[in-house]
Amino acid sequence: MLEVALRHDWPPPRGGEGFSLDIAFAAPTPGVTVLFGPSGCGKSTILAAVAGLLRPRAGRVALDGTVLTDTASGLLVPAERRRCGVVFQEARLFPHLSVESNLRYGARRAPREATGPGFGDVVALLGIGGLLRRRPAGLSGGERQRVALGRALLARPLLLLLDEPLASLDLPRRAEVLPLLERVRDTFRVPMLHVTHALEEVDRLADTLVLLQAGRVLASGTPEALTSRPDLPLLAGRRDAGAVLRCLVAGHDPGRGLSRLDFAGGSLLVPLRPEPAGTRLRLRLRARDVALATRPPEGLATHNVLPATVESIGPAPGSPHEVLLRLLVGPTPLLVRLTRDAVGTLGLAPGQGVWALVKSIAFDHGGPA
Amino acid sequence: MPDWLSAEEWEAVRLSLAVAWRSVVLSLPLAVVTAWLLSRRRFLGRPLLDALAHLPLVVPPVAVGWGLLMLFGLRGPIGAPLQEWFGIRLVFTTEGAALATAVMTFPLIVRAVRLSLEGVDPGLEAAARSLGAGGFDRFLTITLPLIAPGILSGAILAFAAGLGGFGAVITFAANIPGETQTLPLAIYAATQTPGGEAAAARMAGISFGLAVAGLLLAEAVARHLHRLLGRT
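Heads up: the sequence lines are chains A and B, in that order. Take 0 as the starting number for the first sequence in numbering that gives the first Met the number 0 and just add one per residue. Take 0 as the starting number for the second sequence in numbering that gives the first Met the number 0 and just add one per residue.
Please keep in mind that the hints were generated in silico from the structure rather than gathered at the bench. Being a predicted model, the structure only gives us computed values, none of them experimental. Mixed in with the good hints, there may be bad ones.
[Unchecked claim] Here are a few chain A residues that sit away from chain B, every Cβ distance over 10 Å (derived from the structure):
id, residue
1, Ala23
2, Pro37
3, Ala123
4, Gly141
5, Asp230
6, Leu231
7, Pro314
8, Pro319
[Stated by the list, open to error] Chain A is faced by these chain B residues, among others (derived, beta-carbon under 8 Å):
id, residue
9, Pro80
10, Leu81
11, Leu114
12, Gly118
13, Pro121
14, Gly122
15, Leu123
16, Ala126
17, Arg128
18, Leu130
19, Ala132
20, Gly133
21, Leu145
22, His225
[Claimed, not checked] Pair by pair, the computed Cβ-Cβ distance ranges are:
id, chain 1, residue 1, chain 2, residue 2, range
23, A, Ala136, B, Pro176, 51 to 57 Å
24, A, Ala174, B, Val24, 54 to 60 Å
25, A, Arg6, B, Ala210, 57 to 63 Å
26, B, Ala210, A, Leu131, 42 to 48 Å
27, B, Leu143, A, Thr278, 49 to 55 Å
28, B, Val32, A, Arg238, 52 to 58 Å
29, A, Glu112, B, Val24, 28 to 34 Å
Just so it is clear, CB atoms sit at the ideal spot from N, CA and C, and this is done for glycine as well.
Please model the entire structure based on the sequences and the hints provided.
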């Protein structure tokens, strides 16, 4: 269990307003905890305080029962003895050392009895074997972040802290590094605390999601629970708002070019997936890609028609002429975005049975979970 | 030995070089520590230390020499115990000339090192910290290699300037041929001697040559090291 409670203040700049951070959350370990929020919400400060690189005004940080920070008793374990590997946004590779020396820097300083992934395993997983003799200045942005990730992993960390490691990369580089983060999580099982403002990273990485805004925790929980809540504008107010679903690849039909994904309460047909049957997937069902019918529809090109119950109807954050409905398909919640007019025309009300129409192309955030 | 310089004049050149390198050895470690304190630490006496480190740039060199004479003289608070316990005498010796030169060129090294320290991203030191490197370890493995160009060019600059220390040297170490009479002191002595104009001109020429060479070398070394550290 990772427990974090912090309070910190910044004095107001001339003519401006000060900023205060007052947050607390707990997350299971191992697992990936994602701190998600707009820039300036204090998420990087939390990471620095957990790493021991910043002394909070008040707070307590404990990892699996070991207290790292406790201002009440004056305890502040120095950063160099915390064994928190940090991957910074700008990689921060040592420019005067080769890639290999960078990778071994933390490994040489890890306690003798510490266990963790071996040099060869990490280099192979990150695909950086060909870079070992190079200098950091000659690497691309994606290569730098892969080396930085390897360097942090090889220090045998008890906790891996990732401070927007993909934010400085362009889209292709991001697509190159994000799957590696998933593989690191699945292979080495190091607890991770990941800071981001990109929803894609939440969908693909988070076991626990902590929503932050203006120095406060808005909500925390599983991504499935939080993304299906219509009352969190940070998530529900986005264009790509929608519930995250945990699915299991149930079977393939290569003849029809379809795969069946089962989730609690139903199943979905999607274009053939590359994953073998039995793989766990996590998918985002965007609210704007779901339509509703009050009678079983016929003659549709849509595969997925799910019987559902309307649970609640509320305003869509940031869009005055639309509403956000929360449906239940068995135990699984979904979000649907409709115009206010459609709700009136259909006479929709909570408790009503409906059919949710999901276009199979709505599944764009793939990835094992 | 070429015959266009007299034995005494060669002695002055040799002595200048001996005094200059000793002065660099003497001031370099302290200058690096001072520069590090000034650019990386916030403490109460920082402005005072900053002023003190730059004092030799603005105080008349003769006054610096006088100060050294007061401290390190045979009856000074440092000079007396040095003489009594270790038999070390600094006044009127080559070592004394080196000490006076070291004090004068100290700010040059501090400035060069500080400039390159400010170019080192503190984020790299934080990264080293998170990887388990303690304070001294960090300094040795990250900070020091990254400021090596600044240290080296500062040292070369101080060496070139140290060849020509005059006021502090003549006040503290006097003008003793073969012992403390460095190039500038020998030039001064030559201009005071009837018929010494030619000798003064020769030695002034050598001074110019050494200074220019030193400056060019410092620049070239810094450039080369920067390339070695970053852009390959």
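Against the structure, the hints come out as follows:
1. Ala23: Ala23(A) is indeed farther than 10 Å from all Cβ atoms of chain B, at 23 Å.
2. Pro37: holds (23 Å)
3. Ala123: Nearest chain B Cβ is 21 Å from Ala123(A), so the label holds.
4. Gly141: holds (18 Å)
5. Asp230: holds (37 Å)
6. Leu231: holds (32 Å)
7. Pro314: With a cut-off of 10 Å, Pro314(A) remains clear of chain B, as the shortest Cβ separation is near 44 Å.
8. Pro319: For Pro319(A), whose nearest Cβ neighbour in chain B is about 44 Å away, the distance exceeds 10 Å, so it holds.
9. Pro80: violated (40 Å)
10. Leu81: violated (40 Å)
11. Leu114: Status violated, d = 17 Å.
12. Gly118: This interface hint is violated because 11 Å lies over the 8 Å limit.
13. Pro121: violated (10 Å)
14. Gly122: Interface hint status for Gly122(B): holds (5 Å vs cutoff 8 Å).
15. Leu123: With a minimum Cβ separation of about 6 Å from chain A (threshold 8 Å), the hint on Leu123(B) holds.
16. Ala126: holds (4 Å)
17. Arg128: holds (4 Å)
18. Leu130: holds (3 Å)
19. Ala132: This interface hint holds because 6 Å falls under the 8 Å limit.
20. Gly133: Status holds, d = 5 Å.
21. Leu145: holds (6 Å)
22. His225: Constraint on His225(B) not satisfied, violated at 10 Å.
23. Ala136(A) / Pro176(B): 51 to 57 Å: With Cβ atoms ~53 Å apart, the hint holds.
24. Ala174(A) / Val24(B): 54 to 60 Å: holds (55 Å)
25. Arg6(A) / Ala210(B): 57 to 63 Å: At 59 Å between Cβs, range holds.
26. Ala210(B) / Leu131(A): 42 to 48 Å: Since the Cβ atoms of Ala210(B) and Leu131(A) sit about 45 Å apart, the hinted range of 42 to 48 Å holds.
27. Leu143(B) / Thr278(A): 49 to 55 Å: holds (50 Å)
28. Val32(B) / Arg238(A): 52 to 58 Å: holds (56 Å)
29. Glu112(A) / Val24(B): 28 to 34 Å: violated (43 Å)
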